[in-house]
Amino acid sequence: MQSQKYALPLLLLFLGVIILGFLNISLGSVNIPFKDVFASIFNLEVSKETWRYIIVEYRLPKAITAIITGSGLAISGLLMQTLFRNPLAGPYVLGLSSGASLGVAIVIMGASVFGGAFAGILLSKWSLVIASSLGSLLVLIAVMLASLRLRDTMAILIIGLMFASLTAAVVSVLSYFSPAAQLQQYVFWSFGSLGDLSWNEVGILAMFWFVGIILAISCIKNLNTLLLGEQYAKSLGVSIRKNRLIIIIATSLLAGSITAFAGPIAFVGLAVPHLIRQIIPVNNHSILVPAVILGGAALMLICDIAAQMPGQEYTLPINAITSLIGAPVVIWLLVRKRKFLF
Amino acid sequence: MNPPEKHSILKTIDLDIGYSNKTAKTIITEAINIEVHEGELVAVIGVNGVGKSTFLRTLSGVQDALKGKVLVKNEQIQQIDSLELASLVSLVLTEQPISKNLSVFELVALGRQPYTNWIGRLSKNDLRQIKKSLQNVGIEDLQNKKCYELSDGQLQKVLIARAIAQNTPLVILDEPTTHLDLYHKAYVLKLLKKLTRKTNKAIVFASHEINLAIQLCDKIILMQNKKVTTGSPKELLESGAFSTVFPEGLIVFDKASASFKINP
Numbered sequence: 016m017q018s019q020k021y022a023l024p025l026l027l028l029f030l031g032v033i034i035l036g037f038l039n040i041s042l043g044s045v046n047i048p049f050k051d052v053f054a055s056i057f058n059l060e061v062s063k064e065t066w067r068y069i070i071v072e073y074r075l076p077k078a079i080t081a082i083i084t085g086s087g088l089a090i091s092g093l094l095m096q097t098l099f100r101n102p103l104a105g106p107y108v109l110g111l112s113s114g115a116s117l118g119v120a121i122v123i124m125g126a127s128v129f130g131g132a133f134a135g136i137l138l139s140k141w142s143l144v145i146a147s148s149l150g151s152l153l154v155l156i157a158v159m160l161a162s163l164r165l166r167d168t169m170a171i172l173i174i175g176l177m178f179a180s181l182t183a184a185v186v187s188v189l190s191y192f193s194p195a196a197q198l199q200q201y202v203f204w205s206f207g208s209l210g211d212l213s214w215n216e217v218g219i220l221a222m223f224w225f226v227g228i229i230l231a232i233s234c235i236k237n238l239n240t241l242l243l244g245e246q247y248a249k250s251l252g253v254s255i256r257k258n259r260l261i262i263i264i265a266t267s268l269l270a271g272s273i274t275a276f277a278g279p280i281a282f283v284g285l286a287v288p289h290l291i292r293q294i295i296p297v298n299n300h301s302i303l304v305p306a307v308i309l310g311g312a313a314l315m316l317i318c319d320i321a322a323q324m325p326g327q328e329y330t331l332p333i334n335a336i337t338s339l340i341g342a343p344v345v346i347w348l349l350v351r352k353r354k355f356l357f
Numbered sequence: 004m005n006p007p008e009k010h011s012i013l014k015t016i017d018l019d020i021g022y023s024n025k026t027a028k029t030i031i032t033e034a035i036n037i038e039v040h041e042g043e044l045v046a047v048i049g050v051n052g053v054g055k056s057t058f059l060r061t062l063s064g065v066q067d068a069l070k071g072k073v074l075v076k077n078e079q080i081q082q083i084d085s086l087e088l089a090s091l092v093s094l095v096l097t098e099q100p101i102s103k104n105l106s107v108f109e110l111v112a113l114g115r116q117p118y119t120n121w122i123g124r125l126s127k128n129d130l131r132q133i134k135k136s137l138q139n140v141g142i143e144d145l146q147n148k149k150c151y152e153l154s155d156g157q158l159q160k161v162l163i164a165r166a167i168a169q170n171t172p173l174v175i176l177d178e179p180t181t182h183l184d185l186y187h188k189a190y191v192l193k194l195l196k197k198l199t200r201k202t203n204k205a206i207v208f209a210s211h212e213i214n215l216a217i218q219l220c221d222k223i224i225l226m227q228n229k230k231v232t233t234g235s236p237k238e239l240l241e242s243g244a245f246s247t248v249f250p251e252g253l254i255v256f257d258k259a260s261a262s263f264k265i266n267p
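For the record, the sequence lines run as chains H and A. The numbers in the numbering used here rise by one with no breaks, and the one at position 255 of the first sequence is 270. The numbers in the numbering used here rise by one with no breaks, and the one at position 65 of the second sequence is 68.
This is chain H alone, in the form it adopts within the complex:
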């Protein structure tokens, strides 16, 4: 009964993602006719070979990365909001992205500080992924431990904030000692970028995304009970410990891998679940989870379209765009509803 009522909005969201995906691929600094965009995707005859190259090797992986990062971050935001029972939780706010940044900063800039033989090994893409996932996992565990000791959910946000400033401090110390080239590499990474990924890297990212999403889907039912609080969940036969572990692993896989490949991207994780709750007034995670996945993908595709400013030469940093769009949305929600519900 319930799921049928929400089938239509879900279908519309799905169509929205497809349309935005096509738009995303067709728009860019080079003007490519729609016909040829279709032709390149479906491997038909294309008027110009360079167009096919642009579409297949650059725009398509970028659009897929946008879909993966948007949906992955949005889902980890939803998981955090339910787990910590805090409407302001999200991968960025809780310091997961800061943890990942710290990992990456240590790898990129530490390589030069510690110098020598390490540098070569440390600078591979894999080590970035590992460092960033470890960084976000560590922060998440710290936040989790703190949340077990402090019943106050506000305290969790403060701890996330503290991690962010701790990270900023360590990064500035590192940047003080590291040469300009490395510093620049880090700064560029921290702007966030969806476009630098090869098909190979998109594959790796997709793998992490897939595992994270499957884990999230596996605890849909128990996420619903967590909305009542842990005591009620327990009285309904839910193993809190097991589900908490699954949620934490899913979140750090998603947030960690996405931050490693695409940089720290703000606000998507926090804002998308709230936007979805505005569109579809439901709390059942069996509808929320797919809706948030689609919503995250759609928002990220829009942000990416805005970032590449169709017809222009430059691409704006994606992190700036998500904040420019995300921050006003969060403020608007807060002011309009006066209180955040989740």
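Derived by calculation from the structure, the hints in this document are not laboratory data. Misleading hints may appear alongside valid ones.
Unchecked claim - Here are the simulated PhoX-like pairs of lysine-lysine, each with C-alpha atoms no more than 20 Å apart in a straight line: (1) K9(A) to K76(A); (2) K103(A) to K249(H); (3) K148(A) to K20(H); (4) K149(A) to K20(H).
Predicted, not measured: the structure shown is a model, and the values here were computed from it.
Could you slot chain A onto chain H? The hints should help.
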């Protein structure tokens, strides 16, 4: 003619409740022996801090007993797995539901959680049970409201409906009447009484409403300073057990009206 045999739903044998950590045990109350049968409405009464919540937590299996046994349907509670226990005991707690964004229907539907499939899909039977418990509590007209729109009294009814939807022979409520005005206090307790009669569930609740409990309950568990007295309101009245509930002086029990009065 003997009344029909009533099944025992909840029983404790020499139960000690309290807290323990690595170094020490803090016993709150010792040697509790009570028995609750199906269809009974039982109040747990005692002053603040006497251990009512600890007692209820131990009865519901959330907290371990220090010594002794808790039997739910003649089975020891520690040996029942958590999913099966969820089909035997349902709770209404003092903490408010965390997400008040839930609609009344969604919240009551969560009571069906132990019976649904992996994704929580509600079967026809689940929907029927939800509808029935909404009817039983008299909140059908609220079902599309969000919890943040409800008054305290309405929210309490919704939480009770959720516990009823869980379809357990035993329902345990921790102070269901706090924050309510006298009318709603009486309303909620009367509702519990009606539910025990209608559904044959055993309902155990902690409360400060001694006057109302004396009028409505089948049995009262009186908790006082490490001692527990059980009996029907009538038995307790006759034995004079109520006169020692509160510290002497300020409040006295007036036997004639079966209620507490402030000492003039």
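Inset, instruction - With a cut-off of 20 Å on the C-alpha distance, tell me whether K103(A) and K249(H) pass. - result: holds (19 Å)
Legend entry - Pair hint outcome, K149(A) versus K20(H) [Cα-Cα no greater than 20 Å]: Roughly 17 Å between the alpha carbons, so the hint for K149(A) and K20(H) holds.
Inset, instruction - For the pair we were handed, K9(A) and K76(A), check the Cα-Cα distance against 20 Å. - result: holds (12 Å)
Inset, instruction - Take the C-alpha atoms of K148(A) and K20(H), compute the straight-line distance between them, and say whether it is at most 20 Å. - result: holds (17 Å)
In the structure shown, no violation is registered for any of the earlier numbered hints.
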